[in-house]
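Go by the hints and put chain B onto chain A.
Residue numbers (full-length UniProt numbering), protein chains in the order written: chain A, 1 to 330; chain B, 1 to 330.
Each hint should be verified, as a subset may be incorrect.
Said to hold, decoys possible - Here are the simulated distance ranges between beta carbons:
{"no.": "1", "chain 1": "B", "residue 1": "A23", "chain 2": "A", "residue 2": "D280", "range": "44 to 52 Å"}
{"no.": "2", "chain 1": "B", "residue 1": "R121", "chain 2": "A", "residue 2": "S37", "range": "37 to 45 Å"}
{"no.": "3", "chain 1": "A", "residue 1": "V213", "chain 2": "B", "residue 2": "L207", "range": "53 to 61 Å"}
{"no.": "4", "chain 1": "A", "residue 1": "Q169", "chain 2": "B", "residue 2": "K50", "range": "54 to 62 Å"}
{"no.": "5", "chain 1": "B", "residue 1": "L207", "chain 2": "A", "residue 2": "N224", "range": "37 to 45 Å"}
Unchecked claim - Over 10 Å on every C-beta distance to chain A, these chain B residues come out as not near it, computed from the model:
{"no.": "6", "residue": "V20"}
{"no.": "7", "residue": "S95"}
{"no.": "8", "residue": "L146"}
{"no.": "9", "residue": "G330"}
Because the hints were derived from the structure by calculation, they are not lab data. Here the structure is a predicted model, which is why all the values come from computation and not from measurement. The beta carbon of each residue, even a glycine, is placed where N, CA and C say it ideally should be.
Protein chains: 2
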Amino acid sequence: MTANQPKSANMKDVAALAGVSIATISRYLNGETNRMSKVTAAKVAAAIEKLNYVPNSSARQMITKSSKMIAVIVANIDDYFSSELFKGISSILESQGYIGVLFDADSDHAREQKLLEVIGRQVFDGLIIQPENDPQTIQQALRRQLPVVVVDREMDAGTWPQVVTDNYQIARQATQHFLDEGQTHVIVLTSDVHLARTRQERYRGILSVADNVDTIEVSETSYNHSAVYQQLKAALTRSTERTLVFALKERWFLEFIPDLINEGLLDGHQVTATGFADTDTARRLAPNTQLITQNPYLMGASAAELLLQELQDPKLDLSHQKLIQPAKFG
Amino acid sequence: MTANQPKSANMKDVAALAGVSIATISRYLNGETNRMSKVTAAKVAAAIEKLNYVPNSSARQMITKSSKMIAVIVANIDDYFSSELFKGISSILESQGYIGVLFDADSDHAREQKLLEVIGRQVFDGLIIQPENDPQTIQQALRRQLPVVVVDREMDAGTWPQVVTDNYQIARQATQHFLDEGQTHVIVLTSDVHLARTRQERYRGILSVADNVDTIEVSETSYNHSAVYQQLKAALTRSTERTLVFALKERWFLEFIPDLINEGLLDGHQVTATGFADTDTARRLAPNTQLITQNPYLMGASAAELLLQELQDPKLDLSHQKLIQPAKFG
Numbered sequence: 001m002t003a004n005q006p007k008s009a010n011m012k013d014v015a016a017l018a019g020v021s022i023a024t025i026s027r028y029l030n031g032e033t034n035r036m037s038k039v040t041a042a043k044v045a046a047a048i049e050k051l052n053y054v055p056n057s058s059a060r061q062m063i064t065k066s067s068k069m070i071a072v073i074v075a076n077i078d079d080y081f082s083s084e085l086f087k088g089i090s091s092i093l094e095s096q097g098y099i100g101v102l103f104d105a106d107s108d109h110a111r112e113q114k115l116l117e118v119i120g121r122q123v124f125d126g127l128i129i130q131p132e133n134d135p136q137t138i139q140q141a142l143r144r145q146l147p148v149v150v151v152d153r154e155m156d157a158g159t160w161p162q163v164v165t166d167n168y169q170i171a172r173q174a175t176q177h178f179l180d181e182g183q184t185h186v187i188v189l190t191s192d193v194h195l196a197r198t199r200q201e202r203y204r205g206i207l208s209v210a211d212n213v214d215t216i217e218v219s220e221t222s223y224n225h226s227a228v229y230q231q232l233k234a235a236l237t238r239s240t241e242r243t244l245v246f247a248l249k250e251r252w253f254l255e256f257i258p259d260l261i262n263e264g265l266l267d268g269h270q271v272t273a274t275g276f277a278d279t280d281t282a283r284r285l286a287p288n289t290q291l292i293t294q295n296p297y298l299m300g301a302s303a304a305e306l307l308l309q310e311l312q313d314p315k316l317d318l319s320h321q322k323l324i325q326p327a328k329f330g
Numbered sequence: 001m002t003a004n005q006p007k008s009a010n011m012k013d014v015a016a017l018a019g020v021s022i023a024t025i026s027r028y029l030n031g032e033t034n035r036m037s038k039v040t041a042a043k044v045a046a047a048i049e050k051l052n053y054v055p056n057s058s059a060r061q062m063i064t065k066s067s068k069m070i071a072v073i074v075a076n077i078d079d080y081f082s083s084e085l086f087k088g089i090s091s092i093l094e095s096q097g098y099i100g101v102l103f104d105a106d107s108d109h110a111r112e113q114k115l116l117e118v119i120g121r122q123v124f125d126g127l128i129i130q131p132e133n134d135p136q137t138i139q140q141a142l143r144r145q146l147p148v149v150v151v152d153r154e155m156d157a158g159t160w161p162q163v164v165t166d167n168y169q170i171a172r173q174a175t176q177h178f179l180d181e182g183q184t185h186v187i188v189l190t191s192d193v194h195l196a197r198t199r200q201e202r203y204r205g206i207l208s209v210a211d212n213v214d215t216i217e218v219s220e221t222s223y224n225h226s227a228v229y230q231q232l233k234a235a236l237t238r239s240t241e242r243t244l245v246f247a248l249k250e251r252w253f254l255e256f257i258p259d260l261i262n263e264g265l266l267d268g269h270q271v272t273a274t275g276f277a278d279t280d281t282a283r284r285l286a287p288n289t290q291l292i293t294q295n296p297y298l299m300g301a302s303a304a305e306l307l308l309q310e311l312q313d314p315k316l317d318l319s320h321q322k323l324i325q326p327a328k329f330g
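If we strip away everything but chain A, and leave its shape as in the complex, we get (with noise of 0.2 Å):
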């Protein structure tokens, strides 16, 4: 990369000038100049100028009009999984200079193709997106190349790189714990199953073990909190079966299972719960449940990392990288 450039100032000529060091350059290149003395930083400057020191990310930005900002979309921020994925990303994108910009698709496949369409038309280097839509619609809305990668929803290989749970693997190894123990009944409790590949393998990881499932689907835009509960129970009141009641997203564990509780309908044998869950508030309201954990901070720094390889190596093709972050289940 130096090979081609005229010889010309470096960030040590800056620092020797200057009388600083050269991490002092840096922290000055990088906008903080909080962390130094007014002095320092005018010393700085001057010897910035004094040499005409360009420094090579800024010249890489003249060039390609990078803006050093990565636009992240996730399916709704109300969820914890999302918010700690784009904390995982910013994490990584932060520590090579790069800022993560959040966007909130609200669970919403029509507003995640809007929030595509503007990311398309501004100056963003490239998209983490935990998407709604399909990868033809979601190219098609960006109308751009862009640095892409898919996080926990997994697509065909082929398109971009992406970073996925093993939820089959993980639903299946989790209800088999249950039957094992003598529930014979499940009882799944979900968004609408069809909208979201994920949720698909979940579900299949349950029924690929369990034959006596029901299925309650609860709208994730409008839903009558207390008619659901009604349905859950009358499901249970009607079962002679022992019951797994399954959450298959954290929101509808801390929606439905207090209420269980509340009623003394949760007793770990007749009726007992388990679920997708992410924060230490499912686990504090039921603490001798065995739960299923993500890891969406790790899922996000892994995704950033997916994508500065690409920012970093253009040519460099990843879009059969696959990795996959096992949950746990315990």
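The following block gives chain B in isolation, referenced to the frame of chain A:
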């Protein structure tokens, strides 16, 4: 506004030529082509081209380099309050053709400053901020004039318009309620009180009516759950008086109240609990507890309305405007 413009085609002309409604033209201009047939979209495109129609917003954008993106910095996206705030902001912005773009300060003053520097350099039309820093620091980090609205954290009037809750009043009212019921001792669970004005106001509200107050401060970034819980339990055990545990923030309610419930320590008489809590989870956890609920969605919507007013008429001085959205107790 139209008085100075030369006579040219307007939306009505385009609709007439294309043979569709004005609403359809509007949808087309907002990129919502998925809400019409391809034939309709093609007709609209042809009419726009033939009449050489330039929508007002596009014309303005060409002149001012408006990006139609509004930066939103929230304190911490892990808090339901922050994510609902953003959803309220987005809903209003989008009704006017703007997009809200979310930045997460991660409860970190230095991080907020860094984000402000990025936002100042990029093409955002305005900023809505739930601030960690003081107005001077914020303005310095931005380095340019930008319409700003402050939300949730009260500032001295005169810098920017703000939307806040009546933190002092509602904390005082809730505390008084429990004093009237016979609790004489209050344990406050809070993040560092000195770091946010919101917390200070709430804390002042409690102290304004209660004499016997213990305070347990929990660090937002790193804390030992069981150590804090033991501290809470010790304070309860020591106390010979009837005690109210008051969580200044929902997170601490969700983190520590379930433990009290599970250990049978929250009997609603000797020990009772309240707090600021915006999700239904807190209520379902402890159905007989009276809580303080804010309306972050409405606060966000109000903040967005103020910002849009500023954008539509830059001469308007709203810097002394302070909207107070009352919280509810019960």
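Looking back at the numbered hints, which does the structure fail to meet, lowest number first? Violated hint (a single one): 2; every other hint is consistent with the structure.
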